[in-house]
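Asks: With these hints in hand, go ahead and build the complete structure from the sequences.
Those sequence lines, one after another, are chains V and S. In this text, residue positions in the first sequence follow our numbering: the first is 1, and each later residue adds one. In this text, residue positions in the second sequence follow our numbering: the first is 142, and each later residue adds one.
Label pairs and their calculated CB-CB ranges:
| id | chain 1 | residue 1 | chain 2 | residue 2 | range |
| --- | --- | --- | --- | --- | --- |
| 1 | V | Glu123 | S | Ala251 | 38 to 44 Å |
| 2 | S | Ile266 | V | Asn99 | 21 to 27 Å |
| 3 | V | His126 | S | Lys265 | 25 to 31 Å |
| 4 | V | Gln75 | S | Lys248 | 29 to 35 Å |
Bear in mind the hints are in silico, worked out from the structure with no lab data behind them. Backbone N, C-alpha and C define an ideal beta-carbon position, used for all residues, glycine too.
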Amino acid sequence: MCSGKVIDKVMTKKTKRSIQWVKENKTKKYSGIHLIAEFWNGEIVEDVSKMKKILAAAVRKANNTPLEIIIHKFQPQGMTGIVLLAESHIAIHTWPEFNYIALDIYTCGDKANPFKALEYLKEEFHPQKFESRKLKRGIVR
Amino acid sequence: MRKISNFQFPISKIYGKELILDLYDCDPKIIRSKKKILEYSDRICKLIKVKKYGKAFIERFGGSSGWGEGYSFFQFIEESSISGHFIENENSAHINIFSCKNFGDKKATAFTKKFFNAKKIKKKILIR
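Replies: The structure is reproduced here in structure tokens:
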């Protein structure tokens, strides 16, 4: 995995009553970006080979390095899929009974762009409702 | 069959809980040991009472610049999945436990910290 840098400029008061503000530069390093997304009422894929193709395409869009794609199909319905990446992983869990998909895209480095994978998966599954959040993992000052 | 959440909230609104752990200053010998990582995967599943599906996948990845080398593992569980990524030159570990069955996140966090002998841990819980 690779590191990234975030430079934040923070304004802090000198003293409680002071009107003078001081700028501080803080450099933070982090290991990777973890995107967590929820798709509701979209297309649910039950075919394993189709899901593999979708995940493989998402990996290419994100410019990740895929190592292995593994899918487990539950009975009577539902699927968990994982793409092992050199840059971490993409995981997908489907709940057809609730028309819900949970996605985790965890990747690092300047080369990979997890947002492109997310956009692609959103187009493929076209959920009616969508939420996502971004986490920075392994923040170290 | 995939186990359905047993949360108190209506099933239609909650599908699962994800515990996200970032551990720092871990024991270097443990995070560099494939055997110990697989042991962790077995023991955490037993602790939080989830059912493993198959063996854990574990691979070693190397950063091209020398930074970021370490193991990554993934364990399918009937309730979703457990994954982990280890960065050896920082002695850090990044673990995700996602389960559609409720589990003791405090217990899981304490166990994980103790297992990897981490000096610092950051925890986040997401209800999905």
